[in-house]
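There are 2 protein chains.
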Amino acid sequence: MTIAEVSRKYDISQDTLRYYERIGLIPRVRRNKSGIRDYSEEDCYWVYFSKCMRSAGLSIEALIEYVSLVQEGDGTMQERKKLLIEQRKLLKSRIEEMQATLDRLDGKIARYEERLLKVEQQCPVG
Amino acid sequence: MTIAEVSRKYDISQDTLRYYERIGLIPRVRRNKSGIRDYSEEDCYWVYFSKCMRSAGLSIEALIEYVSLVQEGDGTMQERKKLLIEQRKLLKSRIEEMQATLDRLDGKIARYEERLLKVEQQCPVG
DNA sequence: TTACCACCTAGAGTGTACTCCAAGTCAATA
DNA sequence: TATTGACTTGGAGTACACTCTAGGTGGTAA
Chain S
11 MTIAEVSRKY DISQDTLRYY ERIGLIPRVR RNKSGIRDYS EEDCYWVYFS KCMRSAGLSI
71 EALIEYVSLV QEGDGTMQER KKLLIEQRKL LKSRIEEMQA TLDRLDGKIA RYEERLLKVE
131 QQCPVG
Chain Y
11 MTIAEVSRKY DISQDTLRYY ERIGLIPRVR RNKSGIRDYS EEDCYWVYFS KCMRSAGLSI
71 EALIEYVSLV QEGDGTMQER KKLLIEQRKL LKSRIEEMQA TLDRLDGKIA RYEERLLKVE
131 QQCPVG
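Chains as they are written, first to last, in this note's numbering: chain S, 11 to 136; chain Y, 11 to 136.
Don't take each hint at face value.
Repeated chains share a single entry, so a pair holds when one copy, or any two copies, can fit it.
Claimed, not checked - Listed below are the simulated SDA-like cross-link pairs for lysine to any residue, each with C-alpha atoms no more than 20 angstroms apart in a straight line:
(1) Lys102 <-> Gly117
(2) Lys118 <-> Leu93
(3) Lys61 <-> Arg28
(4) Lys92 <-> Ile22
(5) Lys91 <-> Thr26
(6) Lys99 <-> Asp116
(7) Lys102 <-> Gln81
(8) Lys92 <-> Glu31
(9) Lys91 <-> Ser78
(10) Lys19 <-> Ile46
(11) Lys92 <-> Ala120
(12) Lys61 <-> Arg32
(13) Lys118 <-> Tyr29
(14) Lys102 <-> Gly67
(15) Lys92 <-> Arg121
(16) Lys102 <-> Gly85
(17) Lys99 <-> Ser65
(18) Lys91 <-> Arg64
(19) Lys61 <-> Ala72
(20) Lys128 <-> Asp48
(21) Lys91 <-> Val80
(22) Lys61 <-> Pro37
(23) Lys91 <-> Ser69
(24) Lys92 <-> Ile46
(25) Lys61 <-> Arg104
(26) Lys92 <-> Ser78
(27) Lys102 <-> Ser65
(28) Lys99 <-> Gly67
By construction, these hints were calculated from the structure, which means they are not laboratory data. Keep in mind that this is a model prediction, so the values were computed, not measured.
Let the sequences and hints guide you as you build the complete structure.
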């Protein structure tokens with residue numbers, strides 16, 4: 011797969027794909043004889059994984075660390091698992107915090123509903 | 011309340027508090043005779059509200075808009091409610107997306123658990 | 001009355017995460 | 001064989017959200 015195809019498929023700009031590879035957020039992609047990136051299925055998986063994790067708010071730093079552990083081989087499995095558990099914990103607490111904010115927002119909206127209803131009752135024609 | 015107290019109370023730097031006021035993310039705070047900010051209870055509420063909403067990922071742009079509608083008075087209630095509902099929707103879908111990523115992460119962690127268990131069984135001493 | 005400290009403002013600087021650019025390569029087409 | 005277009009690289013530029021700085025004011029304590 012070319013970079014153009016991957017870019018379209020995952021809606022990530024070519025520049026960002028190259029940038030992610032440059033900083034190690036995804037492993038280095040194989041080039042063909044003329045130096046052009048040829049994304050394998052696994053490369054695509056990495057692109058997708060990084061996209062998900064990044065948009066969920068995982069730090070670039072942690073993801074780079076994870077990629078490099080994977081590349082070091084099976085000896086790092088324990089460490090990788092630990093890293094993922096740590097990130098999972100962070101993500102979970104972010105979600106909980108956001109859920110609490112959502113609830114506040116719901117409360118606020120409900121209060122607007124009430125107040126607007128009152129205004130309506132006072133001026134039934136307006 | 012002085013800016014130092016508010017800064018401590020909500021764990022937001024004084025610079026950021028001044029910045030938020032400057033860009034209209036919170037309404038202008040009253041100054042005393044010598045020009046020093048004196049945060050009222052309501053100001054503190056705004057600081058807290060902005061902090062919550064910002065850390066949940068609401069855009070600065072939307073929050074500035076909300077603040078300015080509140081300052082325009084009761085005539086904007088309908089519009090404010092609409093804005094909050096819109097932001098609520100965005101927040102909800104972000105939470106759902108993050109929840110999906112959390113689930114993926116759980117699956118990944120579970121697979122590491124399995125693989126590590128297998129390795130252990132193969133080398134029960136190691 | 002001078003030293004100090006917390007505060008003020010406007011504007012410049014910074015870090016992160018991209019995003020763009022210049023100069024060049026390669027394969028395919030006119 | 002000349003042009004086109006998608007790609008390459010390294011490095012420069014940008015946007016956002018702060019964060020810091022310089023120069024100044026006002027109130028308090030030695």
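Checked hints:
1. Lys102 <-> Gly117: For lysine 102 and glycine 117, only the inter-copy Cα distance (14 angstroms) is at most 20 angstroms; the intra-copy one is 23 angstroms.
2. Lys118 <-> Leu93: Classified as between; 11 angstroms across copies, 38 angstroms inside a copy.
3. Lys61 <-> Arg28: within (13 angstroms within a copy, 34 angstroms between copies)
4. Lys92 <-> Ile22: neither (29 angstroms within a copy, 31 angstroms between copies)
5. Lys91 <-> Thr26: Neither way: lysine 91 and threonine 26 sit 27 angstroms apart in one copy and 37 angstroms across, limit 20 angstroms.
6. Lys99 <-> Asp116: between (26 angstroms within a copy, 10 angstroms between copies)
7. Lys102 <-> Gln81: Neither, since 27 angstroms and 36 angstroms both go past 20 angstroms.
8. Lys92 <-> Glu31: neither (24 angstroms within a copy, 41 angstroms between copies)
9. Lys91 <-> Ser78: within (13 angstroms within a copy, 47 angstroms between copies)
10. Lys19 <-> Ile46: Within one copy only: 18 angstroms inside a chain, 54 angstroms across chains, cut-off 20 angstroms.
11. Lys92 <-> Ala120: between (42 angstroms within a copy, 12 angstroms between copies)
12. Lys61 <-> Arg32: For lysine 61 and arginine 32, only the intra-copy Cα distance (15 angstroms) is at most 20 angstroms; the inter-copy one is 34 angstroms.
13. Lys118 <-> Tyr29: neither (41 angstroms within a copy, 25 angstroms between copies)
14. Lys102 <-> Gly67: Both: 11 angstroms inside a copy, 15 angstroms across copies.
15. Lys92 <-> Arg121: This pair counts as between: shortest inter-copy Cα distance 13 angstroms, intra-copy 44 angstroms.
16. Lys102 <-> Gly85: neither (27 angstroms within a copy, 39 angstroms between copies)
17. Lys99 <-> Ser65: both (16 angstroms within a copy, 17 angstroms between copies)
18. Lys91 <-> Arg64: Cα proximity of lysine 91 and arginine 64: one copy only (18 angstroms, versus 31 angstroms across).
19. Lys61 <-> Ala72: within (14 angstroms within a copy, 25 angstroms between copies)
20. Lys128 <-> Asp48: Answer is neither: 63 angstroms inside a copy and 34 angstroms across each miss the 20 angstroms cutoff.
21. Lys91 <-> Val80: within (11 angstroms within a copy, 48 angstroms between copies)
22. Lys61 <-> Pro37: within (14 angstroms within a copy, 36 angstroms between copies)
23. Lys91 <-> Ser69: Classified as within; 16 angstroms inside a copy, 34 angstroms across copies.
24. Lys92 <-> Ile46: Classified as neither: same-chain Cα gap 36 angstroms, cross-chain 49 angstroms, threshold 20 angstroms.
25. Lys61 <-> Arg104: This pair counts as both: shortest intra-copy Cα distance 18 angstroms, inter-copy 14 angstroms.
26. Lys92 <-> Ser78: Cα proximity of lysine 92 and serine 78: one copy only (14 angstroms, versus 46 angstroms across).
27. Lys102 <-> Ser65: This pair counts as both: shortest intra-copy Cα distance 14 angstroms, inter-copy 14 angstroms.
28. Lys99 <-> Gly67: both (12 angstroms within a copy, 19 angstroms between copies)
Hints 4, 5, 7, 8, 13, 16, 20 and 24 from the earlier list are contradicted by this structure; the remaining hints agree with it.
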